[in-house]
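Enquirer: Since the structure of chain A is provided, determine the placement of chain B on it from the hints.
Read top to bottom, the protein sequences are chains A and B. Numbering-wise, the first sequence is residues 11 to 339 according to this note's numbering. Numbering-wise, the second sequence is residues 11 to 339 according to this note's numbering.
Read the hints as simulated data drawn from the structure, not as lab findings. Positions of the beta carbon are idealized from the N, C-alpha and C atoms, including for glycine. No false leads were mixed into what you were given.
Selected chain B positions facing chain A (in silico; Cβ < 10 Å):
| no. | residue |
| --- | --- |
| 1 | Tyr45 |
| 2 | Thr92 |
| 3 | Gly124 |
| 4 | Cys158 |
| 5 | His177 |
| 6 | Gly180 |
There are 2 protein chains.
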Amino acid sequence: MSLPETKFSLFKARVNEYIEAILPPHTAAAPRSLYEPIRYAMEGNGKRLRPVLLLLACDALKGPVEEALPAAAAVELMHNFTLVHDDIMDHDATRRGRPTVHCKWDNETALLAGDGLLALAYRSLLNTRSPNLPRLAQVFTNGIIELCEGQALDRDFERREDVTMPHYLGMIMRKTARLLSLCTEMGALVAAANETQVKLVRQFGEHLGLAFQIQDDLLDITVSQDILGKDFGSDVKRRKRTFLFIHVMTHGGVRDRDSLKTFFQKSAIAKADILAVQQIFYAAGAIAAAEVAVSDHLQKARHCLAQLEPAIDAAALRELVEMILKRKA
Amino acid sequence: MSLPETKFSLFKARVNEYIEAILPPHTAAAPRSLYEPIRYAMEGNGKRLRPVLLLLACDALKGPVEEALPAAAAVELMHNFTLVHDDIMDHDATRRGRPTVHCKWDNETALLAGDGLLALAYRSLLNTRSPNLPRLAQVFTNGIIELCEGQALDRDFERREDVTMPHYLGMIMRKTARLLSLCTEMGALVAAANETQVKLVRQFGEHLGLAFQIQDDLLDITVSQDILGKDFGSDVKRRKRTFLFIHVMTHGGVRDRDSLKTFFQKSAIAKADILAVQQIFYAAGAIAAAEVAVSDHLQKARHCLAQLEPAIDAAALRELVEMILKRKA
Chain A
11 MSLPETKFSL
21 FKARVNEYIE
31 AILPPHTAAA
41 PRSLYEPIRY
51 AMEGNGKRLR
61 PVLLLLACDA
71 LKGPVEEALP
81 AAAAVELMHN
91 FTLVHDDIMD
101 HDATRRGRPT
111 VHCKWDNETA
121 LLAGDGLLAL
131 AYRSLLNTRS
141 PNLPRLAQVF
151 TNGIIELCEG
161 QALDRDFERR
171 EDVTMPHYLG
181 MIMRKTARLL
191 SLCTEMGALV
201 AAANETQVKL
211 VRQFGEHLGL
221 AFQIQDDLLD
231 ITVSQDILGK
241 DFGSDVKRRK
251 RTFLFIHVMT
261 HGGVRDRDSL
271 KTFFQKSAIA
281 KADILAVQQI
291 FYAAGAIAAA
301 EVAVSDHLQK
311 ARHCLAQLEP
321 AIDAAALREL
331 VEMILKRKA
Chain B
11 MSLPETKFSL
21 FKARVNEYIE
31 AILPPHTAAA
41 PRSLYEPIRY
51 AMEGNGKRLR
61 PVLLLLACDA
71 LKGPVEEALP
81 AAAAVELMHN
91 FTLVHDDIMD
101 HDATRRGRPT
111 VHCKWDNETA
121 LLAGDGLLAL
131 AYRSLLNTRS
141 PNLPRLAQVF
151 TNGIIELCEG
161 QALDRDFERR
171 EDVTMPHYLG
181 MIMRKTARLL
191 SLCTEMGALV
201 AAANETQVKL
211 VRQFGEHLGL
221 AFQIQDDLLD
231 ITVSQDILGK
241 DFGSDVKRRK
251 RTFLFIHVMT
261 HGGVRDRDSL
271 KTFFQKSAIA
281 KADILAVQQI
291 FYAAGAIAAA
301 EVAVSDHLQK
311 ARHCLAQLEP
321 AIDAAALREL
331 VEMILKRKA
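Here chain A stands alone, though its shape is the one from the complex (with noise of 0.2 Å):
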């Protein structure tokens, strides 16, 4: 195991112990039919990747680590709540290949729970200890604010056909990339950096994130359930407007956009339709296409990176970018 990876392993686990410590108890005063669902969401096997990137941020820029755990839990916290909203929205059955909240529950005691996460968020936030702190919570709020109007775009391009890839960008930039970012920016105000190196590291955040999302919406018609945990090809069945549609929309050609419009409107999509948009986007370049903007956001991730050097130890920043370019789930 190399050096970075220890020191992931090491951050998950701290991650994970505080957010153990901070949670209530479920008990009669502080009831169980919140507090048993809040842990239920905060357990599984999450990757706590968001967390330890606040972590990884903040000690690169030479900041005290212990110092930005309450932050840390805060992002994982929150983005656990937006998890179990959408959940809810998206009428999603599985997560990390467990039931969601709301299916092991139900829609009201979901969305009560949802609500408590973001409440228990703040409530770690407000734990840390650093001049920053105002700082941190507008960064924090603005993220969120801009995460549920990412949400609301990515609903409402369901039903529009006419979602270009700057749309899709805009939106994936809201939902995906600014939760990274706004874990980037955290750790470097615990760390008090500069601004430069905050404009730098929250730059690095965003275009992880969009490297990210890009290649989630590859992952879901190129690899299998059992690895994702949840369904393969679950965008086409919604009809999402990932990267690869639009990409076929704006540069494939006739027969192939009429193929897929026909596919998205279809009232039922079956499994043997999802293998046939796959090679649609297998033919019309959209998968090459979308592995070229994400080695494309991820070079520009370096880039940031190397500016940030030699003032900073980036090694571990680094060699997250190479872990995200090589998963499979």
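Expert: Just chain B, lined up with the frame of chain A:
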């Protein structure tokens, strides 16, 4: 119109102006599908009781009312977040005489609009220029967590037979009273009040809130839909363990208890059933007991103010107590 009423109207107008100014526009970039339901939720004919209470508390303690506006807007935005989400959970169709957000749009849109309202609440709060900002955010956040706990308990109680008056009081302390006490406490914190004052003003808010909720239980069964803008007897229809129900179960005779249980176990509750339940509430002395409890908490609220005088100008807060005592909606 008395002087404090003028102050109430004045502060309410300032709150409405301020909220209008900070709500984002709805454009393609800041999606209509998010901001239209958010604006809708914030319109309607709300009393703005909570933000005005915050401003009145700040004003009574000789604090800068204009500096308290971001916090006042925050509590109103947050209050509306709870209303939008509670209405989904409770399947309520009307609110302030208008369709609820999830009925006008759908559950998914309302869920996301609620999330957005909470994030916008924090954005507003974080604009407060006060050295007490971290503590303001803590009081606000802990209040939201208690609100979630109160909502969970309220829902639990609908399915429980063993709810006692202490359980009930613990629930309404979280679900209703804490929101009012966080308003008074935050007003005091913006005013940079001393710890004794902060504590007394918080206790004032708690008693005001307890009185407010018990009176809400009363109004549900004693006032018609026209005035309250919600269904007559909606608590009965929902088998809510209100003050009235618990009083009968604790202090009522066997016949009243059995009779009430029978009504609450019916699969469908008709208007005639509600009127019969109303008769039991009167006959068993529950209405009278609730009226005594309301007076008692308002008296305690007044006592808190008396302890704060003459250092503070509590005239407007006293007037608010009388307004709550006399309210019919």
